[in-house]
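Enquirer: Each chain is listed here by its residues.
2 protein chains.
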Amino acid sequence: MLTNSRLVHQSHDHERCINAALLCANDLCAEKNARMTTTRESVLRLLWQSYRPLGAYQLQDQLAEMLGKPIAPPTVYRAIEFLLQLGLIHRIHSLNAYIGCPFPNSEHSNLFMICTQCGSAAEVAHNTVNNVLQSTCDKLNFTLQSQSIELFGLCPRCSDNTEVSNHD
Amino acid sequence: MLTNSRLVHQSHDHERCINAALLCANDLCAEKNARMTTTRESVLRLLWQSYRPLGAYQLQDQLAEMLGKPIAPPTVYRAIEFLLQLGLIHRIHSLNAYIGCPFPNSEHSNLFMICTQCGSAAEVAHNTVNNVLQSTCDKLNFTLQSQSIELFGLCPRCSDNTEVSNHD
DNA sequence: TTATTATTGTTATATTATAACGTATTATGC
DNA sequence: GCATAATACGTTATAATATAACAATAATAA
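From first to last, the protein sequence lines are chains E and Y. Sequence positions in the first sequence follow my numbering and run 231 to 398. Sequence positions in the second sequence follow my numbering and run 231 to 398.
It cannot be assumed that every hint is accurate.
Identical copies carry no separate label here, and so any pair may be met within one copy or between two of them.
[Claimed, not checked] Result set (SDA-like, lysine to any residue): computed pairs, CA atoms no more than 25 angstroms apart in a straight line:
1) Lys299 - Asn371
2) Lys369 - Glu337
3) Lys369 - Pro300
4) Lys299 - Phe382
5) Lys262 - Phe333
6) Lys262 - Leu237
I should point out that these hints are in silico values taken from the structure, not numbers from a laboratory.
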């Protein structure tokens with residue numbers, strides 16, 4: 231099982247995460263002859279700012295502030311599209327929002343655990359899950375191409391808080 | 231495993247499916263003291279017209295034609311909201327579209343197999359899948375509340391067609 | 001019947017996303 | 001280096017999806 235769950239829910243030196251993500255992104259671009267421009271890097275950085283997915287128009291606002299000039303929607307969506315293509319970010323359909331991918335290098339299929347309390351989203355890649363889904367598809371003669379798995383609930387932190395407040 | 235996969239992909243007397251769905255919906259309304267109005271029943275019927283999810287504005291057009299009068303978006307969204315609440319339909323987030331639920335009576339969690347070729351969506355409820363997801367959540371201390379699982383690929387029919395055309 | 005509640009109608013607008021076209025920037029071949 | 005092509009960005013307009021707010025109507029209950 232591959233997951234960033236612990237990082238999402240425990241305090242840590244997040245600057246290192248951001249820097250690692252940006253380095254990794256640059257490597258990937260070099261490898262694929264793609265250009266990591268200022269706009270694209272800024273969007274990626276913003277999506278790594280927290281473990282909460284951001285919508286396109288939140289990104290627009292923050293990007294405008296970051297770059298010190300007005301930014302129009304197409305600019306944001308182009309950067310998003312680019313980063314999605316490279317697998318550097320993911321789209322969370324149920325939220326119309328986007329989030330940095332913690333393991334863009336390893337082939338994996340997305341599964342997100344989204345906290346309905348704090349809005350955090352942890353990504354999980356789990357072979358057992360994938361195998362069960364694949365075999366279910368096989369059984370029904372469905373040729374699986376891709377998937378979007380979004381689980382909603384309470385993250386470890388918010389679960390604990392709820393329990394505590396239940397004892398009050 | 232509970233699924234409507236065969237019905238989705240094989241020809242059958244679909245009128246019976248529609249009628250069964252409407253009867254079932256009426257029962258559920260009676261049971262929950264909710265009103266199955268003309269608008270709501272029409273929307274449900276439209277969503278049962280095929281096994282392809284419909285967007286709100288497709289529904290709006292078809293509903294207007296069906297009722298012989300112009301219909302505004304809020305009317306459609308209200309009916310959708312009502313039917314979602316009762317579990318009579320589901321939302322497919324990745325498509326911004328809606329589809330009738332084939333087993334609104336049994337507690338289940340949604341998993342859809344969506345054909346990227348023909349647009350059909352089959353629903354599957356599978357304990358093994360749910361158990362694996364639940365145990366994954368347990369492992370990571372995530373309190374699962376609900377889920378949205380959307381699998382994309384080729385349905386049995388389109389898979390076969392692809393194979394055949396590959397032999398041409 | 002009248003009061004109350006639930007539903008629908010209507011208008012306006014918010015939110016998310018893209019089309020189309022022009023300009024600027026970056027890479028490439030000579 | 002310079003011309004050229006390819007790529008990315010700027011700009012304006014608009015499409016597609018969804019909701020807020022309030023008025024009118026219909027259904028139910030007292």
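Enquirer: Each hint needs a verdict: does it hold in this structure or not?
Expert: Results of checking the hints against the structure:
Taking the shortest alpha-carbon separations for Lys299 and Asn371, neither the intra-copy value of 52 angstroms nor the inter-copy value of 42 angstroms comes in at or below 25 angstroms. For the homomeric pair Lys369 and Glu337, the shortest alpha-carbon distances inside one copy (24 angstroms) and between copies (22 angstroms) are both at most 25 angstroms. Taking the closest pair of Cα atoms, Lys369 and Pro300 never come within 25 angstroms of each other, the shortest separation being 52 angstroms inside a single copy and 45 angstroms across copies. Taking identical chains as interchangeable, the C-alpha atoms of Lys299 and Phe382 are never at most 25 angstroms apart, the minima being 36 angstroms within one chain and 39 angstroms between chains.
Proximity of Lys262 and Phe333 under a CA criterion of 25 angstroms is satisfied intra-copy only: 17 angstroms inside one chain copy versus 46 angstroms between copies. In this assembly of identical chains, the alpha carbons of Lys262 and Leu237 never lie at most 25 angstroms apart, being 28 angstroms within a copy and 44 angstroms across copies at closest.
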